[in-house]
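Number of protein chains: 2
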Amino acid sequence: MFENREKRTELSDLGEFGLIEHLTKDIPHLNKSTIKGVGDDAAVIDSDGKKILISTDLLIEGVHFDLSYTPLKHLGYKAAIVNFSDIAAMNATPSQITVSIAVSNRFSLEAVEEIYSGIRLACKKYKVDLIGGDTSTSITGMFISITVIGFTHDDEIVYRSTANDKDLICVSGDLGAAYAGLLVLEREKEVFKVNPDMQPDLSDNDYVLKRFLKPEARTDIVELLKEKNILPTSMIDISDGLASELLHLCKESKLGCNLYEDKIPLDPTTVRLAEEFEMDQTIMALSGGEDYELLFTVHQLDFEKVRELQQEISVIGFMSDQEAGANLITRSQASVPLTAQGWDGMRRK
Amino acid sequence: MFENREKRTELSDLGEFGLIEHLTKDIPHLNKSTIKGVGDDAAVIDSDGKKILISTDLLIEGVHFDLSYTPLKHLGYKAAIVNFSDIAAMNATPSQITVSIAVSNRFSLEAVEEIYSGIRLACKKYKVDLIGGDTSTSITGMFISITVIGFTHDDEIVYRSTANDKDLICVSGDLGAAYAGLLVLEREKEVFKVNPDMQPDLSDNDYVLKRFLKPEARTDIVELLKEKNILPTSMIDISDGLASELLHLCKESKLGCNLYEDKIPLDPTTVRLAEEFEMDQTIMALSGGEDYELLFTVHQLDFEKVRELQQEISVIGFMSDQEAGANLITRSQASVPLTAQGWDGMRRK
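Chains as they are written, first to last, in my numbering: chain A, 81 to 429; chain B, 81 to 429.
The following block holds chain A by itself, in its conformation from the complex (with noise of 0.2 Å):
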């Protein structure tokens, strides 16, 4: 009864990005302790030298994740794995999350008992104790919202903003899998509304399949980096696609990039399933999202060390000046001005 109806202003006009930032644009900070706030993967906060990252993500059923083709321990699994991921990004490994629950009276005890099953088991996996969270009933639906802490040192830190012009533009593992595996689900779905007798064909997609629904966190990666003696110089992981995180990249740096089409790393799986969706594999890589792996920038100079981890790792570009844009230079050698979407112009085959 106390509602102020007088403006409106309709939250799609601005868009995750374009909300966050406005809501949080400045914010001064008051406390010396606090390093980084908003606009990175994760804040940091100092505490006697020692730094503290910390990163929270909020899972809406119906937004986020689909019950209907997502097992309930897979999904606890995952949400723990794509904060563990925030800490990745910033070239650190987490330690602790805290873990808040709400269900409506839909949900059983069993099915959210399932639910921390699967985020305990990321939990040991990576070594992260679950030290604290909060369970609510809901009116409808299932949240899950994480926060993750981590702890680091100062010059281990890797922002986003700290690339620099001619470095190289890396990747871990490969991209695109985890669309393709949705896509995969989806397809299924529809099949199981027609004929609910039916059984889901899942046959030879495991692999995207697993990218979509029980993803990993690279700390691997940042342990490896450590290994051997590569301090990125700027990172962020993969959540939203290669084209949309490229792009923070260069905005936060303030630099352009190119970025080439035939060194984007994708499973034959992936291929094979862009035919058969009739999608162009590049744009699965581009815009598909959920990957969770690391994008990283690295000076030339460890050029010949990060060769050395080309199982893992591939140089797909390097960093320009920002008045050369970012750009996609394809397999015919065209350069297009690089989007969240993918490219100027998307095409399908």
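Certain hints may be false.
[Unchecked claim] Only some residues are given here: those of chain B computed to face chain A with a beta carbon under 7 Å:
| no. | residue |
| --- | --- |
| 1 | Arg-88 |
| 2 | Gly-98 |
| 3 | Ile-100 |
| 4 | Glu-101 |
| 5 | Ile-115 |
| 6 | Gly-117 |
| 7 | Ile-140 |
| 8 | Asp-146 |
| 9 | Ala-182 |
| 10 | Ser-184 |
| 11 | Tyr-196 |
| 12 | Ser-197 |
| 13 | Leu-201 |
| 14 | Ser-218 |
| 15 | Thr-227 |
It is worth saying that the hints were derived from the structure and are not from the lab.
Ideal Cβ placement from N, Cα and C applies to all residues, glycine included.
Following the hints, position chain B against chain A.
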């Protein structure tokens, strides 16, 4: 389509505390930096000697708040305060928060801005930095998840489990007023439903309305106790009502208690409204909740020091051994077992 529908235990059979305990029991800690996990107002993490406190709270529309009488700015303020209070309950002050908000398309940008303006106001007042978060759409309703961080030293942290037999039980401020405020708002909502043109009659009830809609976290009490060199032996904040919180201290410290009904601090407005609503004023204090006052125990030797703070702090009883049980000593000097609902044989006038 992969859901396991074999066994089903209703969540309501466990209740909130039972659920958290059930889901988090036997969780091993793998990091030596994890000092205290689930089970107190905040978790405790070690960072080279300095201690980090972390706590998280989830607020859900229709469960924790009713937007028909909660102004959005107050909602944001309270969501932050509730978290600050958890850090105060560990005898520390908060320094950073992360905020995750999900809203349906029923809400405009201006609505979300209002919530943030409340959060920012609370941050400014308590010198806390907003360092991160997440925003998302929801299918229905509004969800706010806040995580708070505070720093302190090992020897200043006060847990729930460390009260001693014969320690004095103290409480800050007065109790039951937030619940009285809620009753007033619920009454006016009913009037409004019957006649939407009628203006709410909130006169003379400013104090209790403020206590419900815009509570404060008693970080001032934490500072006052430090100034007076009083280190509480145990502490908790009152979110669920005096009875429930005192039972937590008893259970965690493996003790009993004697709580004196006539010592429970009440504001005259609360007493008047208890009469108006034909409720027992003691029930309001014991079970009302959302007061966000601090309930703590001190050593008997600190009695004189606490008495000097009687404007702010009331001594309401003492801890006893566990076999004696948790008891309320009524105005008529009867000793009755204390329960989370108030006391056995809850009466109404």
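Hint check, failures only: 2, 4, 5, 8, 10, 12 and 13
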